[in-house]
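With chain A's structure known, arrange chain B on it following the hints.
If you read the protein sequences in the order shown, they are chains A and B. For the first sequence, counting from 1, position 182 maps to 181 in numbering that gives the first Met the number 0; every step adds exactly one. For the second sequence, counting from 1, position 186 maps to 185 in numbering that gives the first Met the number 0; every step adds exactly one.
Check the hints yourself; a few may be wrong.
Said to hold, decoys possible - Pair ranges (Cβ atoms, derived):
| no. | chain 1 | residue 1 | chain 2 | residue 2 | range |
| --- | --- | --- | --- | --- | --- |
| 1 | B | Ala327 | A | Leu102 | 48 to 54 Å |
| 2 | B | Ile383 | A | Ile45 | 30 to 36 Å |
| 3 | A | Ala83 | B | Ile383 | 53 to 59 Å |
| 4 | B | Leu537 | A | Thr144 | 37 to 43 Å |
| 5 | B | Ala327 | A | Leu52 | 25 to 31 Å |
Read the hints as simulated data drawn from the structure, not as lab findings. Model, not experiment: these values are computed from the prediction. Note that the Cβ used here is the ideal one computed from N, Cα and C, for glycine as well.
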Amino acid sequence: MRDAATISIAAPQEAPWRLPYRGTVGMVCLIVAESAIFLIFVVAYIFYIGKSLTGPTPAQVLELPIFGTACLLSSSVTVHFAVAALRKGKLRGCTGWLAGTVLLGSIFLITTAREWYHLIYDEGLTIQTNLFGTTYYSLVGLHATHVVVGLVMLLLAFGFSLFGFVTEAHSERLETLSLYWHFVDAVWVVVFTVVYVLGR
Amino acid sequence: MSTTHAVEGIDGTLALQQSRPPLSVVHEWLTTVDHKKIGLMYITYALMFLIIGGVEATLMRIQLAVPHNHFVSPQVFNQLFTMHGTTMIFFVAMPIVFGWGNYLVPLMIGARDMAFPRLNAFSFWVSAFAGVLLYFSYLGASGLYAAGSAPDVGWFAYAPLTARVFSPGHSTDYWTLAVFLSGVGSIGTALNFVTTIICMRCKGMKMSRMPLLAWLYLVMSGLVFVTISPLTAAQIMLTMDRYLGSHFFDTQAGGSAVLWMHFFWIFGHPEVYVLILPSFAFINEIVPVFSRKAIFGYPTMVAASVGIGFISTSVWAHHMFSVGMGAAANTFFVFATMVISVPTGMKIFNWLATIWGGKVIFASPMLFCVGFLFQFLIAGLTGIMLGAAPFDWQLTNSYFVVAHFHYVIVGGILFAVFAAFYYWYPKVTGRMMSETLGKWHFWLFVIGFHLTFDFMHIPGLLGMPRRIYTYEAGRGWEGWNIIVSIGAIFQALGLLVFVYNLIQSYFKGKEAGHDPWDAWTLEWSTTSPPPDYNFAVLPTVNSRRPLWDLKHPEDPDSDYE
Numbered sequence: 000m001r002d003a004a005t006i007s008i009a010a011p012q013e014a015p016w017r018l019p020y021r022g023t024v025g026m027v028c029l030i031v032a033e034s035a036i037f038l039i040f041v042v043a044y045i046f047y048i049g050k051s052l053t054g055p056t057p058a059q060v061l062e063l064p065i066f067g068t069a070c071l072l073s074s075s076v077t078v079h080f081a082v083a084a085l086r087k088g089k090l091r092g093c094t095g096w097l098a099g100t101v102l103l104g105s106i107f108l109i110t111t112a113r114e115w116y117h118l119i120y121d122e123g124l125t126i127q128t129n130l131f132g133t134t135y136y137s138l139v140g141l142h143a144t145h146v147v148v149g150l151v152m153l154l155l156a157f158g159f160s161l162f163g164f165v166t167e168a169h170s171e172r173l174e175t176l177s178l179y180w181h182f183v184d185a186v187w188v189v190v191f192t193v194v195y196v197l198g199r
Numbered sequence: 000m001s002t003t004h005a006v007e008g009i010d011g012t013l014a015l016q017q018s019r020p021p022l023s024v025v026h027e028w029l030t031t032v033d034h035k036k037i038g039l040m041y042i043t044y045a046l047m048f049l050i051i052g053g054v055e056a057t058l059m060r061i062q063l064a065v066p067h068n069h070f071v072s073p074q075v076f077n078q079l080f081t082m083h084g085t086t087m088i089f090f091v092a093m094p095i096v097f098g099w100g101n102y103l104v105p106l107m108i109g110a111r112d113m114a115f116p117r118l119n120a121f122s123f124w125v126s127a128f129a130g131v132l133l134y135f136s137y138l139g140a141s142g143l144y145a146a147g148s149a150p151d152v153g154w155f156a157y158a159p160l161t162a163r164v165f166s167p168g169h170s171t172d173y174w175t176l177a178v179f180l181s182g183v184g185s186i187g188t189a190l191n192f193v194t195t196i197i198c199m200r201c202k203g204m205k206m207s208r209m210p211l212l213a214w215l216y217l218v219m220s221g222l223v224f225v226t227i228s229p230l231t232a233a234q235i236m237l238t239m240d241r242y243l244g245s246h247f248f249d250t251q252a253g254g255s256a257v258l259w260m261h262f263f264w265i266f267g268h269p270e271v272y273v274l275i276l277p278s279f280a281f282i283n284e285i286v287p288v289f290s291r292k293a294i295f296g297y298p299t300m301v302a303a304s305v306g307i308g309f310i311s312t313s314v315w316a317h318h319m320f321s322v323g324m325g326a327a328a329n330t331f332f333v334f335a336t337m338v339i340s341v342p343t344g345m346k347i348f349n350w351l352a353t354i355w356g357g358k359v360i361f362a363s364p365m366l367f368c369v370g371f372l373f374q375f376l377i378a379g380l381t382g383i384m385l386g387a388a389p390f391d392w393q394l395t396n397s398y399f400v401v402a403h404f405h406y407v408i409v410g411g412i413l414f415a416v417f418a419a420f421y422y423w424y425p426k427v428t429g430r431m432m433s434e435t436l437g438k439w440h441f442w443l444f445v446i447g448f449h450l451t452f453d454f455m456h457i458p459g460l461l462g463m464p465r466r467i468y469t470y471e472a473g474r475g476w477e478g479w480n481i482i483v484s485i486g487a488i489f490q491a492l493g494l495l496v497f498v499y500n501l502i503q504s505y506f507k508g509k510e511a512g513h514d515p516w517d518a519w520t521l522e523w524s525t526t527s528p529p530p531d532y533n534f535a536v537l538p539t540v541n542s543r544r545p546l547w548d549l550k551h552p553e554d555p556d557s558d559y560e
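Looking at chain A on its own, in the form it has when it is part of the complex (with noise of 0.2 Å):
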C-alpha cells in the first residue's frame, strides 16, 4: 500500500524537459570539424615520412620538447581546476589558476619559437628545404595557432576574472574554453606521437 502511494504521487510529475547546454554542444562541433583539419595535416605528414629528396631529416635534427609538453599537458590540469574552482564560487582561486594555464601555455609556445629558430638559423631547416619542412612546420604551425588562439580568450577571460567581471553563473562559458583548450593538448598528444615519435 506505502509502495503504491508513492507511485501515484511521482507519476503525475513529469521529467523536467532540460537540454544540454548550446555552449558545449556548439564547442563540440567546433573540435569535430577542426579535428577533420588536423587529421588531414596528420595523414599529409605521415604520408610524407621518409619521402624528403634532400636533408635534413627529423632524426638529424629533432629533439624531443619534453619541457614544452610537459608545460602545455600540466595547463590542460590547471585550466580544470580554473573551472572547478569557479563551479564552487572560489573567485581568486579560478584568477589565479588562469594565471598558471596562460603562463603554461606561454612557455610551450616559447619552447616552440625557440624549437623553430634552432631548426631555421642552425639547421637551415625552412618549409621551403623540403618535404619534412613543409609538413612539419605546417602541421606543429597549425597547432601553434590553435594555441595562440586559446591563450588569447584565456587571457581574456584572465583580464575579466582579474577585475572581477567573472561569477558563479559564468562557470559554464568557463568550461566551454576549457573544452577547447583540452582540444589543443589532445592535438598536442598526437602531433607529439606522429612528428616526434614515428616519424623521427
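Chain B in isolation, oriented as in the chain A frame:
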C-alpha cells in the same frame, strides 16, 4: 484576454514596419540575426548565382551544339566550366539547402531562433563574400597589368595544374580563397544546425519525435564537419604551396599530386550527400502531406540517413579508379560504393510505401517529388555502373560521368529544391504560388532535363571526353550534342517561368492562410509569414505530427507511437 492583447500589440509593430523608409528596411536586412531573414537571404543569393551558373552552362551548350564552333575560345571555355561547377556547388546548392534549413529547422522544432544567431549572420555574410570574391576574379585576377581572368583549373583543381608555374596570376587564388571562405561559412552554419537541433527543441520533442527534416539536417551537418574541413585544410596547403614555397603537391620535390586528389574527393564525394540529404529532407516532409499518410518507416528513415552519412565518408576514391591505386584499394571502394546504395534504396522504398494507398494530390510540390523519385533512381543506377571499377576505366572523364552527376544534382537535388519552393512559399510569403505556372515550370523543366541529360549519356558512351571545347564532325557526336543543347533551352524557359512565378505570386498570389496544405508539422501552426518570434507561446508536442493531434483530438498519433 491579457495574452491576446499582448500578441496584438507585438503584431501591431509588425504592421507598422510596412511603411518604413527603404533605407531602414535595408539596414534591418543587413544587420539581421533572425533565422528567417538570413534563410531568405541565403536563398535569394543562391537563386542569383543559379542564374549566373545557368548562363555559363548555356554558353557552354551553345559552344558544343555543333562541331568546330568558334562561339567561345578554349581559354574562355575552361573558365566557363570551372566557374559553372564551383558556382553551382558552393554558391547555389550549398546556400540554397542552408537557406531552407535556416528558415525551417527552428520553425519545425518549435524554437524562436537558431542557437547562435550572430554566428548565423556571420556564416551567411562570409559565404556571400566568398561568392562575390570568386566573380571579382573576372576583374582583378591578373592584378593591374592585365585584364582579369577567371579560374580555369576545373572545379576539382587537380595538382600540379594549380602550381604557380602552370597557373600564374591570381585566378587560382581567387578560387582557393572563395572555396575556403565558403567552407568557413558552411562549418559555422552546420555547427549552428547541430546545436539548434540538440539544444533548442520545444517541450516534448524528443529526438524520436523530431520531423525527419531536422534529423536529416543533423546528419548533413555532421557530414559537413568531416568533409568541408578536409577541403579547407587542402586549400590551406595549396595556398602555402603557391605563396610560401612548400611542397605538398609539388611533384618535383617529391610531393604527390595524387594526395590532392584524395583530399579533394574526401570532400568531394560526401559533398554530394551533404546536398542530397537536405533534398531527402524536403521529400520526407512533402510526400506524406500530399499522400495524406504519415511517413512510412520513420525509424528506418533515420537509420538509413545515419547509415548514408557514415558510409559516404568511405567511398571517395571511386573518383580515382583510373589513377592506379591497386587492386585492394579499388575493390574496397567499389564495395563501399555498392553498399551505400542499400540505405539509399531503403529510402526510395519507404517513399513509395508512403505514396502507396494514399490519396495522392498532384499539386506542384508533389509533381516535383515524383520527378525526383524517378530521376534520382536512374541517377543512382548510373552511379552503380560507374562505381564498378572496370566500367569506370572505360568511361571516366567522359560525358557519361557528366550526365550521371547532373542527373543527381539537377534531376535529384534541384527537383527536390523546387518542390520545397512550391511547398513552403506560402509559409514564407503568405501567398500561394500559381499552380498553372507551376505545372508549366514542371513540364518545361522535365522535358528540358530529359532532353539534356538522358541524351548526354550517349556521346559519353561513344567516347566524347568532358571539358573539350570543341570536337570534329563525323564521330557520331553531333546529333546528340544538338539535342542536349536544345534541352538547355527548355530548362532555361522553365527556370524563367519559375522566377516569374516567384515574383508574380508575391504580389498577386492567392492568400494562403497559415496552413494551406493541411500539413502536420509545427511551422504550419504559426502565421504566414511567421512573426519575428515565430511562436507567441512555445509549443509542446506529444507525437511526430503535432498538428494532426491538434486537428484530430479523437485519434491522436501519440496513441500509436
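Requested in this report: Determine which of the earlier numbered hints do not hold for this structure and return their numbers in increasing order.
Outcome: none
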